[in-house]
Amino acid sequence: TNVSSPKDISSVILPTWSQTDDLRWYEAKRQADGSYKLTVNKRDHKYRTGTYTVHLYYKDSSGGLTGAGGTTTHLSEVKPTGTITIENRNDAQGTFDVRVTNVSSPKDISSVIL
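Going by this note's numbering, the final residue of the sequence shown carries number 178, and the count climbs one at a time with no gaps.
If you are wondering where the hints come from, they were derived from the structure by calculation, not from laboratory data. Even for Gly, the Cβ is constructed at its ideal location relative to N, Cα and C. Warning: the hint list may mix true and false statements.
[Unchecked claim] Distance condition first, Cα-Cα at most 27 Å in a straight line; then the derived DSS-like pairs of lysine-lysine:
no., residue 1, residue 2
1, Lys171, Lys123
2, Lys143, Lys123
3, Lys123, Lys106
[Stated by the list, open to error] Have a look at the derived ranges for each label pair, beta carbon to beta carbon:
no., residue 1, residue 2, range
4, Val162, Gly131, 32 to 40 Å
5, Ala92, Val142, 45 to 53 Å
6, Leu129, Ser175, 39 to 47 Å
7, Gln157, Asp86, 48 to 56 Å
8, Thr135, Ser74, 20 to 28 Å
9, Ala92, Val162, 23 to 31 Å
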């Protein structure tokens with residue numbers, strides 16, 4: 065909000081990083097109310113938790129960048145979760161089924177190993 069510059073603003077640029085090796089330059093999207101918005105996904109930053117730094121640059125119509133501020137935020141670690149239950153226990157055959165439900169992880173899940 066409160067986006068203003070003495071020059072024409074062609075876009076709002078938000079370089080974002082959690083560490084020096086995951087710097088990404090994003091262009092924010094203009095909203096109907098005149099503000100700009102960007103959703104950052106930690107997937108694009110090596111799934112890192114901790115402090116993220118965001119700087120604000122205005123890009124003018126000639127392509128020049130003007131620094132206008134910055135901020136930080138902190139993403140906490142989210143532990144993977146799931147519910148494990150035993151079903152269809154058959155003492156005579158010595159078998160049972162293991163069911164895993166409500167699987168959630170901060171990273172993409174490629175498999176569940178039991």
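Quick rundown of the hints versus the structure:
1. The suggested pairing of Lys171 with Lys123 is violated, with an alpha-carbon distance near 33 Å, which exceeds 27 Å.
2. Straight-line distance between C-alpha atoms of Lys143 and Lys123 comes to about 39 Å, which puts the hinted pair past the 27 Å bound.
3. Distance hint between Lys123 and Lys106 is fulfilled; the C-alpha atoms sit about 25 Å from each other, no more than 27 Å.
4. A C-beta distance of roughly 55 Å is found between Val162 and Gly131, which places it outside the suggested range of 32 to 40 Å.
5. Taking the beta carbon of each, Ala92 and Val142 are about 25 Å apart, not inside 45 to 53 Å as hinted.
6. Distance hint check for Leu129 and Ser175: the Cβ-Cβ separation is about 44 Å, which falls inside the suggested range of 39 to 47 Å.
7. Checked against the given bound of 48 to 56 Å, the beta carbons of Gln157 and Asp86, roughly 52 Å apart, stay inside it.
8. A beta carbon spacing of about 22 Å between Thr135 and Ser74 agrees with the range 20 to 28 Å that was offered as a hint.
9. For the pair Ala92 and Val162, the supplied restraint of 23 to 31 Å is violated, since their beta-carbon distance comes to about 46 Å.
This entry does not satisfy hints 1, 2, 4, 5 and 9, going by the numbered hints stated previously.
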